[in-house]
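*Asks:* Letter by letter, the chains look like this.
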Amino acid sequence: MRFSASAAVTIVLVIFMAVLLYVAQGYGPRARLLPQLLASVMLVMALIQLVGELFPAARRFLPFLEQESLIANKRTQDISEDVRAVMDANRDSPADADRESAAIGQPGTFWMPALSIGGMILFVALLHYTSFRIAVPVFLFSFIYIVARQTFLASLAVAVTVGLAMFVLFDLVLGARI
Amino acid sequence: MLEHAIPALVQILSFPTIWFLIGGALLGFLFGILPGLSGPQVLALLLPVTFAMDSGQAIVMLMGAAGATAFGGSVTAILINAPGTAQSAATVFDGYALTRKGQAGYAIGAAAAASVLGAIVGAAILTLSLPLGRQLVLAFSFPEYFMLSIMGLAMIAILAQGNPWKAILAAGFGFSLSFIGIDQQSGTIRYTFGWDYLWDGIKLVPVIIGLFAIAEAISLMSTRGAISRERPNTTLSGIFSGIGAVFQNFGLFLRSALIGTVIGIIPGVGGAVANFVAYGNAVATARDKSGFGKGDIRGVIAPEAANNAKDGGALVPTLIFGIPGSLEMAVLLGALTLHGINPGPRLMLDHGNVALLLIYALVLSNIVVGIVGIAIAKPLTYLTSLRTVLIAPIIMVLGLVGAYATNGYIEDVIIALALGVIGYLMMRFNYSRIALLIALVLGPLLQNSFHQTNDLWGPVGFFNRPISLGLFAITVLILCLPGLLKLIRRARSTP
Chain Z
1 MRFSASAAVT
11 IVLVIFMAVL
21 LYVAQGYGPR
31 ARLLPQLLAS
41 VMLVMALIQL
51 VGELFPAARR
61 FLPFLEQESL
71 IANKRTQDIS
81 EDVRAVMDAN
91 RDSPADADRE
101 SAAIGQPGTF
111 WMPALSIGGM
121 ILFVALLHYT
131 SFRIAVPVFL
141 FSFIYIVARQ
151 TFLASLAVAV
161 TVGLAMFVLF
171 DLVLGARI
Chain X
1 MLEHAIPALV
11 QILSFPTIWF
21 LIGGALLGFL
31 FGILPGLSGP
41 QVLALLLPVT
51 FAMDSGQAIV
61 MLMGAAGATA
71 FGGSVTAILI
81 NAPGTAQSAA
91 TVFDGYALTR
101 KGQAGYAIGA
111 AAAASVLGAI
121 VGAAILTLSL
131 PLGRQLVLAF
141 SFPEYFMLSI
151 MGLAMIAILA
161 QGNPWKAILA
171 AGFGFSLSFI
181 GIDQQSGTIR
191 YTFGWDYLWD
201 GIKLVPVIIG
211 LFAIAEAISL
221 MSTRGAISRE
231 RPNTTLSGIF
241 SGIGAVFQNF
251 GLFLRSALIG
261 TVIGIIPGVG
271 GAVANFVAYG
281 NAVATARDKS
291 GFGKGDIRGV
301 IAPEAANNAK
311 DGGALVPTLI
321 FGIPGSLEMA
331 VLLGALTLHG
341 INPGPRLMLD
351 HGNVALLLIY
361 ALVLSNIVVG
371 IVGIAIAKPL
381 TYLTSLRTVL
391 IAPIIMVLGL
401 VGAYATNGYI
411 EDVIIALALG
421 VIGYLMMRFN
431 YSRIALLIAL
441 VLGPLLQNSF
451 HQTNDLWGPV
461 GFFNRPISLG
471 LFAITVLILC
481 LPGLLKLIRR
491 ARSTP
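Residue numbers (this note's numbering), protein chains in the order written: chain Z, 1 to 178; chain X, 1 to 495.
Just chain Z, with the same shape it has in the complex (with noise of 0.2 Å):
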């Protein structure tokens, strides 16, 4: 058994769906009709992919799990040798590879998206008690200083222009009420 962080995204799944059915129980037979047709399936799937995830020798047997999409898939880019050919002579530096990666946004690590999560939920704490005045010019400011690591004047930069091109746009242009 082999337990991933896909997996455990999975088994949120897989919960998601048991409570779906769950709740769904305590409906009136038109409301509860289709969640229920619905979390069943959806459950069953769920279960089916978690048993691949946790059990990597099962997708032997569950090929489906693994299968690509018909036309966007990888064999989509190289449609002849010739288009493989060109592919091939323009990659000539690592570097193309890793703007490639920067263009379609690959994944990285997984403190900096933690961060960034935490970072986002202090600021909708701030937004909510003070307002976004206040709130996008303090979380910009401490989120590039602390966690991006730039220099103080181009934290407090893209702080203070930011956090005035909002009062401009949400309060003065849109007279949002917030």
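Derived from the structure by calculation, the hints contain no laboratory data.
Hints may contain errors.
Stated by the list, open to error - Pairwise CB distance ranges (calculated):
id	chain 1	residue 1	chain 2	residue 2	range
1	X	Val476	Z	Val44	15 to 25 Å
2	X	Thr285	Z	Arg2	45 to 55 Å
3	X	Ala473	Z	Ala8	36 to 46 Å
Built from N, CA and C at the ideal position, the CB exists for glycine as well.
Fit chain X to the supplied structure of chain Z, relying on the hints for placement.
*Replies:* Chain X only, in chain Z's frame:
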């Protein structure tokens, strides 16, 4: 439809609508230049801004932004070897090679002309397809709407990028989110867990902002550093020769634009595939292939024509069936719904002018960025040297404050953040976000048409009408297609 042609044109060219179009197009162009950000992100961030606008101005601005991102991505692909969007990836091969030869202006000119003309071809095919919508209205009832929604979801799951099994799970998750709130059929309050905010269901604005803006910002934080340090060190001369090259290779241009349109029509596939297929076709059909990859202008014209024509194609299923042809169209579909416009067979009857506004906005936004983009392309490429850790927090606050500004509910911000985390996990573990969004948008229609069919005709009602049965057969075929193709391949390979 013709009765709307002139009034819609007058509306889009009048003030201040034209300013919203230009503003949207320039924002889309800017987001196209910034790698990692593209159409869905600019649309998600613009959505709250357009909420208070007149619906005509709002959709013009949104369509302007969606239509302009492709060319923005191509500019950085040509000048600094960093495609701003996945749909411009194939332009790098010959576009950057031309820049290295000192012919950046030639490549940019060809890209701009192919983009504008490609968008016109896509829009023309869309215009010709729209009358079909009127015919469908007469033939469609509840079972057809139900089967059509199921077929659309099946197509997105099987054909869109990633693993179809996971895409179906994502669609199921999205559909289950649509159960939250008051059930329109029975009046029962479902899955609110005592939270009054959820009585109206999950709102689309925070979902779109979360799935596409917040998730992308979290992902950007993982890719530290600048996108590209390469700087264009060439002059942009030869632009008119580049424009002329499109007309010299008009057959290739037209073929590529048609490829782009057809790929755009297939739900969920989009420009990332269109530009590679068009590039592959250009290489495969060329008599002299030796120049490709070394700076052949045909290698710029083909993908550029395809990735702009695909927007018109993607609008065909979006407007006629209410099933989006691409990720941008999925967000746009949500935006239209929020502005009280329901895409689908009734669109041409209820909002005929909207379809034409979208077509005009698509073409005009490409013309605007084609002209303005050439003038400001070079200085704008310096934006890619901005560190992602500076861009990402700005997107976070814009997204979250945007979600807050829509209704002034902090709960909307919490939902946007939660969906942002879910969207990030979906990106990371290869689940389809487009399938989730479409299932959520189609959820109420699916539920209502299911119950109405069941009430009127019983379970057989889904199968005893020819169109409904036909749609069901197509859905089964789509779902079985991967297995069938495998069997055919195996049969061919065995002697």
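*Asks:* Run the structure past the numbered hints and jot down the numbers of the failing ones, going up.
*Replies:* none
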